[in-house]
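K.L.:
Given the coordinates of chain U, assemble chain R onto it according to the supplied hints.
These protein sequences, in sequence, are chains U and R. Add 387 to a position in the first sequence, counting from 1, and you land on the number used in the numbering used here. Add 537 to a position in the second sequence, counting from 1, and you land on the number used in the numbering used here.
Since the hints were made in silico from the structure, they are not lab data. All figures in this text were calculated on a predicted structure; none of them were measured in a lab. Treat the hints with caution; some may be incorrect.
[As the list claims (entries may be wrong)] The calculated lysine to aspartate or glutamate pairs, modelled on DMTMM-like cross-linking and capped at a C-alpha distance of 20 angstroms, are: (1) R:Lys809 with U:Glu583; (2) R:Lys809 with U:Asp463; (3) U:Lys632 with R:Glu816; (4) U:Lys628 with R:Glu807; (5) R:Lys811 with U:Asp463; (6) U:Lys586 with R:Glu816; (7) U:Lys586 with R:Asp779; (8) R:Lys811 with U:Asp590; (9) R:Lys541 with R:Asp779; (10) R:Lys809 with U:Asp611; (11) R:Lys809 with U:Glu651; (12) U:Lys632 with R:Asp803; (13) U:Lys586 with R:Glu808; (14) R:Lys811 with U:Glu651; (15) U:Lys479 with U:Asp463; (16) U:Lys628 with R:Asp779; (17) U:Lys628 with R:Glu816; (18) U:Lys586 with R:Glu807; (19) U:Lys632 with R:Glu807.
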Amino acid sequence: MAELLKVEGLETHFQTREGVIHAVNGVSFNLKEGETLGIVGESGCGKSVSMMSMLRLIPSPPGKVVAGKALFEGNDLLTINDEQIRNIRGAKISVVFQDPMTSFNPVLTIGDQVAEPYRVHHKAGKKEALDRAVKYLELVGIPNARERLSDYPHQFSGGMRQRAMIAMGLICEPQILIADEPTTALDVTIQAQIIELVKRLRDELGMAIIWITHDLGIIAGLADRVNVMYGGYIIETAPVKDIYKNPQHPYTIGLLGSLPRMDETGYRRLTSIDGLPPILLEKPATCPFELRCRYAKERCRKENPGLMQVEGDGHFTACWVNPKTGKEY
Amino acid sequence: MTEKQVLLKVENLYKHFPIKKGIVFSKQTGAVHAVDGISFNIYNGETLGLVGESGCGKSTTGRTILQLYRPTSGSVVFEGDDLTKLKGENLRRKRRDLQMIFQDPYASLNPRMTVGQIIGEPMEIHGTYKGAAQTKRVQDLLQLVGLNGAFANRYPHEFSGGQRQRIGVARALALEPKLIVCDEPISALDVSIQAQVVNLLEDLQSTLGLTYLFIAHDLSMVRHISDRIAVMYLGIIVELADRNELYANPRHPYTQALLSAVPYPDPFVEEKRKRIILEGDVPSPVNPPIGCRFRTRCQYAKGICAEEKPAFREISKDHFVACHFDIFSQ
Numbered sequence: 388m389a390e391l392l393k394v395e396g397l398e399t400h401f402q403t404r405e406g407v408i409h410a411v412n413g414v415s416f417n418l419k420e421g422e423t424l425g426i427v428g429e430s431g432c433g434k435s436v437s438m439m440s441m442l443r444l445i446p447s448p449p450g451k452v453v454a455g456k457a458l459f460e461g462n463d464l465l466t467i468n469d470e471q472i473r474n475i476r477g478a479k480i481s482v483v484f485q486d487p488m489t490s491f492n493p494v495l496t497i498g499d500q501v502a503e504p505y506r507v508h509h510k511a512g513k514k515e516a517l518d519r520a521v522k523y524l525e526l527v528g529i530p531n532a533r534e535r536l537s538d539y540p541h542q543f544s545g546g547m548r549q550r551a552m553i554a555m556g557l558i559c560e561p562q563i564l565i566a567d568e569p570t571t572a573l574d575v576t577i578q579a580q581i582i583e584l585v586k587r588l589r590d591e592l593g594m595a596i597i598w599i600t601h602d603l604g605i606i607a608g609l610a611d612r613v614n615v616m617y618g619g620y621i622i623e624t625a626p627v628k629d630i631y632k633n634p635q636h637p638y639t640i641g642l643l644g645s646l647p648r649m650d651e652t653g654y655r656r657l658t659s660i661d662g663l664p665p666i667l668l669e670k671p672a673t674c675p676f677e678l679r680c681r682y683a684k685e686r687c688r689k690e691n692p693g694l695m696q697v698e699g700d701g702h703f704t705a706c707w708v709n710p711k712t713g714k715e716y
Numbered sequence: 538m539t540e541k542q543v544l545l546k547v548e549n550l551y552k553h554f555p556i557k558k559g560i561v562f563s564k565q566t567g568a569v570h571a572v573d574g575i576s577f578n579i580y581n582g583e584t585l586g587l588v589g590e591s592g593c594g595k596s597t598t599g600r601t602i603l604q605l606y607r608p609t610s611g612s613v614v615f616e617g618d619d620l621t622k623l624k625g626e627n628l629r630r631k632r633r634d635l636q637m638i639f640q641d642p643y644a645s646l647n648p649r650m651t652v653g654q655i656i657g658e659p660m661e662i663h664g665t666y667k668g669a670a671q672t673k674r675v676q677d678l679l680q681l682v683g684l685n686g687a688f689a690n691r692y693p694h695e696f697s698g699g700q701r702q703r704i705g706v707a708r709a710l711a712l713e714p715k716l717i718v719c720d721e722p723i724s725a726l727d728v729s730i731q732a733q734v735v736n737l738l739e740d741l742q743s744t745l746g747l748t749y750l751f752i753a754h755d756l757s758m759v760r761h762i763s764d765r766i767a768v769m770y771l772g773i774i775v776e777l778a779d780r781n782e783l784y785a786n787p788r789h790p791y792t793q794a795l796l797s798a799v800p801y802p803d804p805f806v807e808e809k810r811k812r813i814i815l816e817g818d819v820p821s822p823v824n825p826p827i828g829c830r831f832r833t834r835c836q837y838a839k840g841i842c843a844e845e846k847p848a849f850r851e852i853s854k855d856h857f858v859a860c861h862f863d864i865f866s867q
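Next comes chain U alone, as it looks inside the complex:
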């Protein structure tokens, strides 16, 4: 399939009182048409920041994208002018944010807010846009959508608000939908509703999805490909089945081991990853995970490994050590 988005060497810094935080340190990935890409990592690993950098949604100051390219339809999203990026955001690439409680404006009706991207991008009249909002609210499963257009966000429950957010993201039929932890604030039953909904819409509308999450469980049944991030780097990337069956980076192995599984019989002590994620006051010269890693060797304290291909097609990992043998490659 054709490549839709190509991100290369993205780097983002934040100016703080303590110094410059190196939040994203050279992120590169491709997204194909209709592909679902999962991005996994702990809070502060740079997963949201890298996506927001790409769309130029980083507040500046303090944030600054210092290097990299994000090629979409032949243009670099990072260098095109403000009007061009505005024409892409919300129309061709749209974002569903994490918290459905705070991402709606409480003093505007749901109908106006869901219809807004369509009015802006298609210069549509109010009535036409609202009709379209009804269509998409129905698509995401809001009952009596037309009557509910004049409701305010507080009249919707959390799950309904998140579905309305998705309707807003879809109203211009984007080629890429970026979902930034859209189910983290929701109950498991509502989460299951949203995931099934997104799967169905993906198959019907044929869009590509970037799903950001800290929970490896959610994307197992959703993603085609997974990027695991740590310390502002992608430290492992592979097709979804490879990453769960054959994780190569010690951090990915640790993340999978720290999840209890419901199909386990008997008792297994969870493997926790000791220590804390690094505070990136400088770009790491060593492996960013070295301090918490069980397999760390001399070389890990000296050189930062880049992504290297390991067994399996399209499976890359940034680690000097083969965790199976405990020896360097």
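P.N.:
Below, chain R alone, put in the same frame as chain U:
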């Protein structure tokens, strides 16, 4: 095996929060039926998991047991004493045995107190350790939860979420309690840190012989830590069973749906799974449905479900369920 000893017995516990109208002459116009008649036992040394969606009353249950909320009716018998009848000094003394770990490690520690003061406060109030002995005890507790004893002079903002939760655990342990109510202690933490805190709670249980009531909405973590599990829906317990029994053989349609909604971290399993998707949202606890509470979202609901409240019956040994039918027996 020795006979299991009941540590805490909850019987017909109700907690309704009044809804009031009017400013000068306020009158009650309704009530939120947060906990609506639940009964269960907690045995000595076990972990009872309490799961359910937000707003189902699981946290209210935990707080009502500790008498942080006074129940509307019902009894909570702890080692022979009915806590709901105790007042003042007698209740305060009993609280030594019952402690709580809160959900949000950012909100549950006073930012103006040092860690030493936070952990020392319960000892101060109950007069168990004073002066140098207290300082020593604080250091011991910090080490017990895996923190450096020298951290006692620091303030909460200097710690990460996982470390703060450890401080919360140390505070709960300060009075050597028998029962700890853990109210979603890990849901605010990152996945890798969750495992650290869960391992700590397990270690403490085996060394100190603690009993836990573990409240959570993450079913896979609850399965990991609990011996028995109670499933709550809209103020009542719909199913209660041994953890392996509950996950292998769920009998209530709600438990089934809840279990099927949990994502597995395994694409091979996910490929083959069929989900039961619950339609709609949880009804309002102000006007819960008459009859069976779950009938508005239940795919098996029949006429009787709207008329009669299902009894909480023992369907097989130690497996209780509140459903008119026996839908899932093989």
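K.L.:
Below or equal to 20 angstroms on CA atoms is what counts here, so check U:Lys586 against R:Glu816.
P.N.:
17 angstroms, holds
K.L.:
Given the proposed pairing of U:Lys628 with R:Glu816, does the C-alpha separation stay at or below 20 angstroms?
P.N.:
Roughly 30 angstroms between the alpha carbons, so the hint for U:Lys628 and R:Glu816 is violated.
K.L.:
Would the hint linking R:Lys809 and U:Glu583 be met if the CA-CA limit is 20 angstroms?
P.N.:
14 angstroms, holds
K.L.:
Is the straight-line distance between the alpha-carbon of U:Lys632 and that of R:Glu816 20 angstroms or less?
P.N.:
Answer violated: U:Lys632 to R:Glu816 is near 33 angstroms, above 20 angstroms.
K.L.:
Is U:Lys586 close enough to R:Asp779, meaning Cα to Cα at most 20 angstroms?
P.N.:
34 angstroms, violated
K.L.:
Please verify whether R:Lys809 and U:Asp463 have alpha carbons no more than 20 angstroms apart.
P.N.:
40 angstroms, violated
K.L.:
Tell me if the straight-line CA distance from R:Lys811 to U:Glu651 falls inside 20 angstroms.
P.N.:
19 angstroms, holds
K.L.:
Decide if the proposed pair is consistent with the structure: U:Lys628 and R:Asp779, CA atoms, cutoff 20 angstroms inclusive.
P.N.:
Between U:Lys628 and R:Asp779 the Cα gap is close to 33 angstroms, so the pair fails against 20 angstroms, i.e. violated.
K.L.:
Starting from U:Lys586, check that the Cα of R:Glu807 is at most 20 angstroms away, please.
P.N.:
13 angstroms, holds
K.L.:
Compare the distance between the alpha carbons of R:Lys811 and U:Asp463 with 20 angstroms, and conclude whether the hinted pair is satisfied.
P.N.:
42 angstroms, violated
K.L.:
Against the 20 angstroms threshold, does the CA-CA distance of R:Lys541 and R:Asp779 hold or violate the hint?
P.N.:
14 angstroms, holds
K.L.:
Does U:Lys479 pair with U:Asp463 here, judged by a C-alpha cut-off of 20 angstroms?
P.N.:
14 angstroms, holds
Hints 2, 3, 5, 7, 16 and 17 from the list above are not met by this structure, while the remaining hints are.
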